[in-house]
Every structure is written in C-alpha cells, then in structure tokens.
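Visitor: Those protein sequence lines, which keep their order, are chains A and B. Residue numbering for the first sequence follows this note's numbering, starting at 1 and increasing by one per position. Residue numbering for the second sequence follows this note's numbering, starting at 495 and increasing by one per position.
These aren't lab readings, by the way, just hints derived from the structure by calculation. Values in this document were obtained by computation on a predicted structure and should not be read as measured data. A hint or two may mislead.
As a list, the in silico SDA-like pairs of lysine to any residue whose alpha-carbon atoms are at most 20 Å apart [to be verified]: (1) K578(B) to S244(A); (2) K363(A) to A351(A); (3) K387(A) to P785(B); (4) K489(A) to T2(A); (5) K974(B) to E907(B); (6) K242(A) to R814(B); (7) K585(B) to D379(A); (8) K38(A) to E6(A); (9) K242(A) to R581(B); (10) K585(B) to A484(A); (11) K242(A) to I908(B); (12) K585(B) to Q347(A); (13) K242(A) to S525(B); (14) K242(A) to S532(B); (15) K242(A) to E608(B); (16) K640(B) to D379(A); (17) K682(B) to R814(B); (18) K363(A) to F588(B); (19) K625(B) to N573(B); (20) K266(A) to P425(A); (21) K309(A) to A484(A); (22) K97(A) to M550(B); (23) K455(A) to P425(A); (24) K851(B) to W838(B); (25) K625(B) to E608(B).
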Amino acid sequence: MTAIFEMGIVGIRSGIADGDFTAKEVAETFIARVSAAKPLNAFLVETPEHALAAAEATDKAKAAGEDLGKMAGVPIGMKDLFCTKGVETTAASGILKGFVPQYESTVSANLFKAGAGMLGKLNLDQFAMGSSNETSAFGNVISPWRRNDGGNADLTPGGSSGGSATVVSGRIAPAATGTDTGGSIRQPAAFTGITGFKPTYGRCSRWGTIAFASSLDQAGPMAHDVRDCAIMLGSMAGFDAKDSTSLDLPVPDWEAALNSNLAGKKIGIPKEYRVENMPADIDALWQKGIEMLKDAGATIVDVSLPHTKYALPAYYIIAPAEASSNLSRYDGVRYGLRDLPDGAGLQDMYAATREAGFGDEVKRRIMIGTYVLSAGYYDAYYTQAQKVRTLIAQDFDKAWNSCDLLLTPTAPSAAFGLGEKMDDPLAMYLNDVFTVPSSLAGLPAMSVPAGLDGKGLPLGLQIIGKALDEQSVFNAGLAIEERAGFVAKPEQWW
Amino acid sequence: MTESTYRIQGGTGEWEVVIGLEVHAQITSESKLFSGASTEFGAEPNTQVSLVDAAMPGMLPTLNGECVRQAVRTGLAINAQINKYSRFDRKNYFYADLPQGYQISQLYHPIVGEGVIQISLDEKDPDAHGKAIGVERIHIEQDAGKLMHDQHPTMSYVDLNRCGVALMEIVSKPDMTSPKEAAAYVRKLRSILRYVGSCDGNMEQGSMRADVNVSVRKPGGELGTRTETKNVNSMRFIQAVIEYEAQRQVDLIEDGGTVVQETRLFDPDRNETRSMRSKEDAHDYRYFPDPDLLPLELEDDFIFDCKASLPELPDEKRARYKNVLGLSAYNAAVLTAEHETALWFEQLLDISDEPEKIASTAANWVTSELFGALNRLGVGIENSPVSPAQAAELLGLVADGTISGKIAKQVFEIMLESGDGAKKIVEEKGLVQESDTGAIEKVIAEVMAANEDKVAQYRDGKDKLFGFFVGQTMKAMQGKANPQVVNELLRKTLG
Chain A
1 MTAIFEMGIV GIRSGIADGD FTAKEVAETF IARVSAAKPL NAFLVETPEH
51 ALAAAEATDK AKAAGEDLGK MAGVPIGMKD LFCTKGVETT AASGILKGFV
101 PQYESTVSAN LFKAGAGMLG KLNLDQFAMG SSNETSAFGN VISPWRRNDG
151 GNADLTPGGS SGGSATVVSG RIAPAATGTD TGGSIRQPAA FTGITGFKPT
201 YGRCSRWGTI AFASSLDQAG PMAHDVRDCA IMLGSMAGFD AKDSTSLDLP
251 VPDWEAALNS NLAGKKIGIP KEYRVENMPA DIDALWQKGI EMLKDAGATI
301 VDVSLPHTKY ALPAYYIIAP AEASSNLSRY DGVRYGLRDL PDGAGLQDMY
351 AATREAGFGD EVKRRIMIGT YVLSAGYYDA YYTQAQKVRT LIAQDFDKAW
401 NSCDLLLTPT APSAAFGLGE KMDDPLAMYL NDVFTVPSSL AGLPAMSVPA
451 GLDGKGLPLG LQIIGKALDE QSVFNAGLAI EERAGFVAKP EQWW
Chain B
495 MTESTYRIQG GTGEWEVVIG LEVHAQITSE SKLFSGASTE FGAEPNTQVS
545 LVDAAMPGML PTLNGECVRQ AVRTGLAINA QINKYSRFDR KNYFYADLPQ
595 GYQISQLYHP IVGEGVIQIS LDEKDPDAHG KAIGVERIHI EQDAGKLMHD
645 QHPTMSYVDL NRCGVALMEI VSKPDMTSPK EAAAYVRKLR SILRYVGSCD
695 GNMEQGSMRA DVNVSVRKPG GELGTRTETK NVNSMRFIQA VIEYEAQRQV
745 DLIEDGGTVV QETRLFDPDR NETRSMRSKE DAHDYRYFPD PDLLPLELED
795 DFIFDCKASL PELPDEKRAR YKNVLGLSAY NAAVLTAEHE TALWFEQLLD
845 ISDEPEKIAS TAANWVTSEL FGALNRLGVG IENSPVSPAQ AAELLGLVAD
895 GTISGKIAKQ VFEIMLESGD GAKKIVEEKG LVQESDTGAI EKVIAEVMAA
945 NEDKVAQYRD GKDKLFGFFV GQTMKAMQGK ANPQVVNELL RKTLG
C-alpha cells in the first residue's frame, strides 16, 4: 500500500471508507510531516488540534454509519489569507500580527463542513502580492524542489500561494487552499509540479478572505491531481449571500462528470502567448501538450487574442488600485499593529503604523494604486485599464467562436532561485504574463504538471475555459494528466 | 416673489446671493446600508456595529434593498428621473470614524437624477408666491461614525454605531437666492421626506443636515466663487450661514480680496463660519467603482411598485383640500405641511359621510382650538390627548345643536384633562343646550315679571336693554339655552 503521506484526497477518502486506516491515523501522519517540515517555513501557524478534532469527528461518523462529507478525514493546509475563527490570520503581514478573527471565512467553513480538518495556516506573499513568496513578513517559503545540477540553491515555490504549493508538492499536506488574483494558484502549482485550479470569478465566496484586488480574487484548490481538485473545489464553491459578487448558481458535481475523452472539443492555441525569449523547454512542452490533447480526441485550432500584451500593464493598474483602497482599513485604530509614537496625532499614527506594518512590495502597490486613482491621472490609467480589461474579455469571447478551451504554458519559466528577482519588480511581474489575461476576464483556468525542464524542475500547462465551464477545463486537464505521466517528486532533503 | 429681491447692500451697490444645498437625509430603515446592524438612535457606543461596519479583514458589503426602495420613492416624490442603472463608488480618505478608509457612495452614476421641489415663502397662500427649485441628483451613501473627544485626557474615542447608516444626499441646483428661500426649500423637502417615510427629518438627532453652498454676484452677473459650509443642522443655522457668508464675501470682494473656493464650518456660538480647508488642501478622494458591489439595476416593476406605494403628497393634498374640500388656502397649507396633521385631519373627516360639509368647520377647529391646545401642552399632533374620533364627536354635538360653540370650548378643555368623550362630559355636567321653546318662554316670563321696570324702559325705546334680558335668561338657564332661540323668543315677547 502507498504510504498515507503520499496520498491525495481520493486515496485518503477511500482508505478511510474501506477501513484501511482511520482519519485519526491520517491526521497524525500529516501532523508529523508538518512538524518535520519546519525548514521549509511553509506554515505560519500549526493547528494539529484542529486536524485531530476533524479526524475524530470523521471516525465517529463512520463508526455510526453516517454519510461522510466529500472531504471527510482529509487534513488540509489553509492559505493564511482565509480568516479562521480563533486562529491567528495575518496575510503574512506585520500589520496583522496577532490578529485572531472571531469569524470563519465562507470557503474554510465550507471545507470544514465537508469534513476537512486544518493542519495550519500557510505562508504566502504578503497580502498575496508577489510571485515568489518572498514578500512574506515571516520569511520566504522554500520549495521542496531542487535543481538536478548538484547545487543546493534554495528555489522559490512561486507565489503568492507558495506555502500551499510547498506543502502539497512536499507531501506535507494532501491538499491546500489557494487564492488566485493574477496567477497565484497556477504559477506556484506549475513551479512545484502539482495541480491548481482557479474557478470562474464568483464561484467561491470572498467573504472572510482578506482582500487583495476584489474584482480578481478567487479561491481555488491546490492538490495532487485533477480529480482531487474537482472534489475540493466542489466543497469550496457555492453561492454566498454575504458576497454580492458570488454567483447564485448550483455547484455542479465536477468529480462525477470527469471525462478525459475530448472528442468534439476544439482547443485554441493563442499565438500571442508565444512570447520572446521563452525557454525552449517550455515551448517544447506546449507542443507536447497539443499532441496529448489531439490524442484525447480534440481538434486544435489557432486563435488570436490580440490584446494580450496589454493585459499585464492593465492588471498592474487595476489590482494595485483596488488594493490601495482595500488596504486602507489597516490603520492601527481597531485591530492589528498600532505604532503610536510619543505625542503623535492621528495622522502620525497612520503613517507610523503603516510604515512599520507593510512590507516593501505592499507599499509599492499601494503607491501605484493611489497614483493611478489620483485626480488628473485616473482617466489615463484606471479608466484606460478598465477599457483594456473589456477588450481582453472580448478577445476571449471571440475566441470561443472557434474553440472551447485554450492551451498555454502556465508560466514563462520554471522555478527560479530565491533572491534572483527580488531587485527587479518588473521581471517578477512577468511571471504572471500567461495567467493574468484569464484573471482579468474572470475565466476558469488550471495548471497541470506536464513535464520537467532540463534542470529537473516541473513545468505546467494552463487550460483556460469559458466562464462557468469548469467541467471542460477539468476534463482537458485530466486528458493531459493521463498522458503526461508526471510522477516526479521532490526528494526529501529537509 | 418679493423675497427674490433679497440683496446685500455693499459699498459698490447691490449684491445678489446664490445658494445651493446638499442635504444629507438619513434613510429610515431597520438596518444599515450594507450590514445587518441596527440603526436605532441613542444606543450605548459601539453596540450597533457589525463586522462589516468595523471593516474587519475580509468583510464585504451587501446592499440593503429597503434603502434602495426609499431612495427611489423619494426620487419619484419629487418627479425626478429614476436611473435604472446606478452603481457605488468608493470615496477614499483616512479618518478614525471611517473604518474602511473609504465611504461607499455614488459619484458617477447616482440612483436618482433631476427633479423639482416647489417652495413658497407665503404660508397663507403658497400658490400665489411659488418657486420651483431644481434638484440635481439624489445618491445613496454610508454615514461615518462619531469621534468623542471628551472621554480621555489625551486620546479620542470612536463610536461606530452610526457608521454605515444609509444616507440620501439630495443635491439642489443653485436656484435659491435668499436665506428664506433656502429655509423654505429645506422645510418643503423635509415635509416630502416625512410624507414618503424615507427620512424622519429629525434635525436635532442629525437625521437631516445640510452642506450650504453660497456665492455672491452683481444682480444678473456671472456666478461668483462659492464656499461650502459643512454639516449645518438646523433651519435657523442654515439661514445664519447664508447671511454671514454672503456678507463676508461681499465685504471681502469690496475690500479688493477674492473669495476662495473652500470648505467652511459654522460656529453657532459665534454665529460665524470659519475656514476648514481650502481647495489646495482638498482631499483627493480617488473615487472609483466599488469592486465589492455589482451595479444596481432596477426593474420597471420595482419602480412601478415604489410609485404605487407613495401616499398623496403635500402639493396634491393641498390642492385637493382647497378645490374639493373647499378649505381656505391658509387652512389647506397649514393642514398639509406635516403629514401627521393631514392624517389626523383626514381621520376626523372620515367620521362623516359628507366630509366636504364639515371640512371647513373641522379645519378651523383644528387650526385654532386643537393647535392652540397642543401648543400649550407642548406636544405634537401625533401625541394629541384628544383623538380624531373624539374630536369628531365634539364637533358633531355642535353641528346638531346639542351644545353651543362656547360650551364646546369648555367641553374640549375637560376632554384634554380627563380624556373623557364629549358626550359623556356633556351628559354628566348637564351641558346639553336647551332649545325647547316652552321651557325658554317660561324662564323669559319669569325674567320679565321680575324686571317690570326694565321691560317698560325697553318698550319706551331703550334698545340697549335687550342684551340685559338675554343675559338674565341665559344666566337663569345656566348658559345652556340655545342663544338663537332665546333671541328670537325675547324679540317676540318684548315686542
């Protein structure tokens, strides 16, 4: 039998159902894995008691012959952007150090209702702003992966859901929650050889999730494979009256409808995603992906998304604009950090608190956002960016006239070394070049691991679907997963 | 209208004042604009604060439909355009009473567009001196919390109870040209809001307050630079602000200075306005559409239902009182100014099958007797100790001749004190008017017998003595004789 810690959601669920092991054994296994993984700095808070309590509830329910939830007995990692009742939640920012919510985010509550337990709160880029997990106020997360060049360079797991990517790929948790604003689920999934899914905007409630950019933020699963993602997303999603942008639609049973036969499906290959200086490994992988989808019965068509090159600049106006406003509430008045110098007035307190509490990247984005919304610049930046956003959405709408799904690389490179891009914010922002357009359009998209580069690091392929058509995205992901035979795992060195 | 010639006399001649008002009216609703917290006034600090109001991390606003309904009804009541598409914007600024760091408002796409409010400076005959004041727009927004500076020697405290309460901002056009017009506008607006039920109009509790925009110009000239005096919370203060600002601006210009566009504050103790911040220091609010909220789209059915739910409004009601009930212009105006008064009056009329017949008498009684009593007691009509049904009973006794108008006043006083009904009082105190000619003739015969000398004098031509006989007869009958009958019989008997 496969070791428990190697298992994903499906394996754990059936093992418990078949009586191979108890939920408690599962929880204890992963709690031990969490304890042993401290060098990776993936957890900000460990909550073994929560995982154990959920496991005991599952074991009890099973003994009583009750129906088990879809995530029953699965201990997961929780990105620390989700507010968890009674458990410190900081968004990896100093400004929220010590903040303990008295409420449970809708997504985490949904998962707990489905029987999941929580191993702890996962490190991330501060306020989900970053692509390498290096902007956390509590230290960067280290990827379990290492290059096969004999060096021991620490690599980034990607970001912002870096902690989530590290624990799933390192078999420290069977699955984890992520959030994706411009690629924060998909890019780290690609960097660490796991599967990550961003659903249609509005599928998952944002209530209780610390906001970065409200019109883009979406929660999603990060797991071993497509089926696990389908199960987990089914437990996270659903209408929530407390979020006005939540979709008032039933949640389909994606897991039940999984089908990797793509006969009749047309897959679009957007020519604008062939960017300059793209590593040959990634280009080759993309070609392999095309062949895999053909093999699954799909037809390949060339499509054009002409406004793609404006997506990144538009994103880096819209997201900071919303963030600059969303982060105004961290003012030292009601919760979190307060820095009150002697004799300071209100304005001094704001300045000192926010100076001490926010990291550089957060400050940078607040400044950018404040600037683009300022009188005299608003039309040139914010209004213009919104127009671009509309054009990008129209690009996709037109593409759907000739295809059902799009296939692209997830990121323009494999994982890079920690510290390699921190001095160059623009190079860092380029990580999101393939993931941002679908975020701007609110479309479902996922990253599936499809191969390794020359240095033995994982590479991912991205599938983008029509709004609300998560099923087709899952199915195409499954087709690739079945054909790619991606079994590489990081060696445990920690 | 005569007051349209309101002028400031300056050294260089006459100046005209131009006034625009932004009235903030708290929407009557159980819960706040974007949260479920209660809006009740006067609770202990920070006891009516939801997680959303306190802007806890991850909290999201959800729109209270009742507030939308009230804003639409208000717009319809001033014949304004209802915008089927509107949306919410964030107005960003830092202050301790604003937990989110932004106020959710509607800058770019307000829910209500242009409308009109008819005002009048002549209470006695509003139609003769009316003026139409344009309303530019009405939008919905959140109120802020309240800072308390007297709780601690070095710190300020924050009360978030009011934070997130729904306001309508009703923006007038710069159509007013005198303090009295501004006051008449606010009075009329308040009346309409109270008719509609969208705001209680309570200025002392801050449910209604105004930002007063004032500029001056030579009559008919180009508009001058305006100042905006914030948060003025009484009708009297609004007029005081305009008078002070207009004079200040005229003095400034005539002394060679220029008016600066700025925000000012009114100091009621000194009866003056003071500069708060100039245009240069003005906040850059960085308005942008709130991404947490979807655009607000209204269906025709919803607007139709809002319209159908409106009561008869003051102008329509006043016209009906005049034209259908036949009331004087003054009575019609006074009885319709406050919704409660009109409702009370109409309940009184409801007693009769033919309200037109008793309307004038009832109107006179309400505006003189009832208002007089309520004034003395210092209570509003909604707390009147005498109910409309009780008043109808009283007026009925006068109408059918049971009691005289004079006795009715006496009965009304007893009603106010005891709470008893008019019939009961009249019966118990034996105040029924005597109209039986036989009984009155008998008393007259007695009076004449006792005053034979005076009878003779009268018959010799001393007409003035008639009053003496009336008085004696009434006295003998303890004031209960029907005075008309007494008069008739005396004339007949005395010859």
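Visitor: In ascending order, which of the hints set out earlier in this document are inconsistent with the structure?
Guide: 6, 10, 11, 15, 16, 20, 21, 23
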